[in-house]
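*Asks:* Residue strings, one per chain:
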Amino acid sequence: MKWQRQHLSLPVVLRASLAYCKLASCLRRRQRRPAGTYLNLRCLLPHTRLSRMSPARAHQVHTTDQPANQWRPLRHRWSNPVFRWQVAHAARLWLLVRAAIAVLGFFLPGVLPDLQPEVLPTGVPMAVFVIVVVVALAWVSEIRFGLKALHANLGYSSPNIRIATAIPALLAETLLGVVLAVRG
Amino acid sequence: MASCSRCADEPLGHVLVKQYLVEADSIVKRFGEKLVLKAASLRVEADTVTALVGRNGHGKSTLLRIMCGVLQPDGGSIRLNGVAQESVSTADLCRRGLFYLPDRDLLHPHLTVRIQIETASRVRGTGADASGIANLLGISERIDVKPTRLSGGERRRAEFAVAIACSPRVLVADEPLRGISPLDAEQILQALRFVATGGCSVVLTGHEVNLILPAADRVYWCVAGTTREFASPLEALSDFAFRRDFMASRPPAIAR
Numbered sequence: 001m002k003w004q005r006q007h008l009s010l011p012v013v014l015r016a017s018l019a020y021c022k023l024a025s026c027l028r029r030r031q032r033r034p035a036g037t038y039l040n041l042r043c044l045l046p047h048t049r050l051s052r053m054s055p056a057r058a059h060q061v062h063t064t065d066q067p068a069n070q071w072r073p074l075r076h077r078w079s080n081p082v083f084r085w086q087v088a089h090a091a092r093l094w095l096l097v098r099a100a101i102a103v104l105g106f107f108l109p110g111v112l113p114d115l116q117p118e119v120l121p122t123g124v125p126m127a128v129f130v131i132v133v134v135v136a137l138a139w140v141s142e143i144r145f146g147l148k149a150l151h152a153n154l155g156y157s158s159p160n161i162r163i164a165t166a167i168p169a170l171l172a173e174t175l176l177g178v179v180l181a182v183r184g
Numbered sequence: 001m002a003s004c005s006r007c008a009d010e011p012l013g014h015v016l017v018k019q020y021l022v023e024a025d026s027i028v029k030r031f032g033e034k035l036v037l038k039a040a041s042l043r044v045e046a047d048t049v050t051a052l053v054g055r056n057g058h059g060k061s062t063l064l065r066i067m068c069g070v071l072q073p074d075g076g077s078i079r080l081n082g083v084a085q086e087s088v089s090t091a092d093l094c095r096r097g098l099f100y101l102p103d104r105d106l107l108h109p110h111l112t113v114r115i116q117i118e119t120a121s122r123v124r125g126t127g128a129d130a131s132g133i134a135n136l137l138g139i140s141e142r143i144d145v146k147p148t149r150l151s152g153g154e155r156r157r158a159e160f161a162v163a164i165a166c167s168p169r170v171l172v173a174d175e176p177l178r179g180i181s182p183l184d185a186e187q188i189l190q191a192l193r194f195v196a197t198g199g200c201s202v203v204l205t206g207h208e209v210n211l212i213l214p215a216a217d218r219v220y221w222c223v224a225g226t227t228r229e230f231a232s233p234l235e236a237l238s239d240f241a242f243r244r245d246f247m248a249s250r251p252p253a254i255a256r
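Protein chains in written order, with this note's numbering: chain C, 1 to 184; chain W, 1 to 256.
Chain W extracted, bound-state conformation (with noise of 0.2 Å):
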């Protein structure tokens, strides 16, 4: 339970209410006519892996968007700290500690991974070391070369790379597994792991549940603009429209 400063100094019996870092409560958010999010909140603990996962169109990325100033909703309530926030920016939530990570490219395509990464840690005054992140996220070979001649996965690697370096307190990624090989999801959660234990909460999106899910501990389930929240993934997996939803195609007969 996160500590409340401002309770420090209140009488026994005081009841002390539970603060999240980042709480986006009842995001109403629509596109023209479309109503893209009805009710959708997601709630991040200090120091736990959220991941959010949903089909395709049913409001992920929307939600991260506003959760990380990148849209503004129509409705709903997006509360940092316990404080609400009338309209904030992403340049400035993440002044405060955030990172967004898109599904698009993050990188600079004319400066090299290791620029970036120095930039970013000095940005921060975290100190960071570029070769130490490298070799955490198995791209050490490729630091000193632009990402447009990497290849998906290395690009996403360094893109997690560039966000390591910032030592953010929430690291928001936006399906960071789309179109990376195991290898590399393994090596990327791995990585995400890594830094939710060293003080970074972590929010993730995907399809891939087989994988999301071990790494995680909560879980929402964002099904046709609404929010599911699952304490944790095995609660997730017990739930038999949330199974039915995510893995009822078997795995494919190909040793016969």
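One chain only, chain C, in its complex shape (with noise of 0.2 Å):
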């Protein structure tokens, strides 16, 4: 109780809540992080990890290692538009593979081996199959569109691009599984 009162009292709750509403304006706006965000959150939140560091070693962390001209690829991945053409490319990528299968079960059954007369084969073999197409297609696609130089400018390596690609196949074959499983 006595560290609440001490560390919750009025104007240390106030201006807690004026800093985060500073700090998540500038998020919200895709911007650097004003001067002094993380020392006056120094000063409110006393046990992090800048709490245990000297003032001058706290005000140095705060200036140096988030240098202006850094690559920072956490906060700007799903806001690079590059990044997420590249991710809505694979999801209709994986349409095109999903109709592509369907259209080869529905008219021409028995093609393929899994390939039974259903229209929606499921399961992990073709689940698999359908992600490793999906990621094939997405990497022909960035060779012919020349992208693997804007990637790699972007601080993006092929195999962080190709993860990502994957990601929207897994999803929509996981949810595909899962529906056709509810209805039995």
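Hints were generated in silico from the structure; no laboratory data involved. Note that the structure is predicted; figures quoted are calculated from it, not measured. Where hints are given, some of them may not hold.
To be verified - Pairs of lysine to aspartate or glutamate residues, derived as EDC-like cross-links and limited to a Cα-Cα distance of at most 16 Å, are as follows:
id	chain 1	residue 1	chain 2	residue 2
1	C	Lys148	W	Asp103
2	W	Lys38	W	Asp25
3	W	Lys34	W	Asp74
4	C	Lys148	W	Asp92
5	W	Lys38	W	Asp74
6	C	Lys148	W	Asp105
7	W	Lys146	W	Asp92
8	W	Lys146	W	Asp103
What the hints assert, rightly or not - Derived DEER-like restraints, expressed as beta-carbon distance ranges:
id	chain 1	residue 1	chain 2	residue 2	range
9	C	Arg84	W	Ser77	33 to 41 Å
10	W	Arg149	C	Arg15	50 to 58 Å
11	C	Ala181	W	Gly179	53 to 61 Å
12	W	Gly32	C	Gly123	38 to 46 Å
Ideal Cβ positions, reconstructed from N, Cα and C, are used throughout, including at glycine.
Since each chain comes alone in its own frame, lean on the hints to assemble the complex.
*Replies:* Right, dumping it as structure tokens:
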């Protein structure tokens, strides 16, 4: 109770709210953190890593660990249109592959060993097959559109991009499997 | 001369070793039986424009690709800030502040130029103004179209706009002036000088010696898989063999 009285007084709560609002609005606008936000939080949140540092070291961490010209992938990966396009393209490819399988299953049953006369064959081997085809097609598109240099210049290595393109297919296959299982 | 942080506490009389941002030393590369690079070297100093000139097939682009991590060398070493690198990828180098502008298209065909400039600026956290950069390169009216609708010169300038938005420490451009008009080339070179004065080292290749040399601080001549270094464009032009290679042909006698 004594600790609460000391640390959760009205001015402290107000300052914490203000710092949180500043940080949230800054992140929302995709800008850099305003100068001093960390230091404010350091005063307000006594049990963080920054609080255990000397003020000089905390300032150094704040100012030098995040220089202006630094690659910051985690904040920008999903807000990056290049990355988003790649993932959307992979989703389109998944639809294309599934449509092709449906057409094969409907009109030419038994063309592929796994393709019995069902339109939406599921199961782990089929899901793996679809995901591998989608990633391969996305890779072909990356080469065809000459995107490798752009991805590299934005700091994304090719394996990273391939993992990202597998995500929509993986999610869609899982969802499809669950829906079909529920429907019996 | 670049400062050496490790030597900051050394006593007086300690010799400061010149440190380069990127250094490709005695690079060897063969494709199958063909030895493309025998012992090629290239050193990039801070805040300079380095021109790598040479005739077709003498290994300019290969040397640049090795320096940027696109290809791995068969021999020689790559050093970044004086530290030898075993094997580096382009993405890794780009995260450290390098920008590689290949000779082919760099831009995404399905996104507008503005989106791509803004994306580059956001990923690097430079806060660069897309309109300002487009103005600098003379493509402000074409910034909201997709690259497939741009002419060759406009597309090349748009690629430079993306590179400038990243505000790299080292900008490596492979044949940036190939196939574009002299006016567009002039604009690109002006922009390159501008970024070089702003703390970015530029490396560019090409055959357009009369355009490239006035913009360069240092010149490397790539010949038969090796390189020869000139301290200045004037030194290069005063070399007989260099002149013979590039300036032998007389200008066409159009006005008689």
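*Asks:* Evaluate each hint against the coordinates.
*Replies:* The hints, checked one at a time:
no., hint, verdict
1, Lys148/C / Asp103/W, "13 Å, holds"
2, Lys38/W / Asp25/W, "11 Å, holds"
3, Lys34/W / Asp74/W, "12 Å, holds"
4, Lys148/C / Asp92/W, "13 Å, holds"
5, Lys38/W / Asp74/W, "10 Å, holds"
6, Lys148/C / Asp105/W, "10 Å, holds"
7, Lys146/W / Asp92/W, "28 Å, violated"
8, Lys146/W / Asp103/W, "19 Å, violated"
9, Arg84/C / Ser77/W: 33 to 41 Å, "39 Å, holds"
10, Arg149/W / Arg15/C: 50 to 58 Å, "52 Å, holds"
11, Ala181/C / Gly179/W: 53 to 61 Å, "57 Å, holds"
12, Gly32/W / Gly123/C: 38 to 46 Å, "45 Å, holds"
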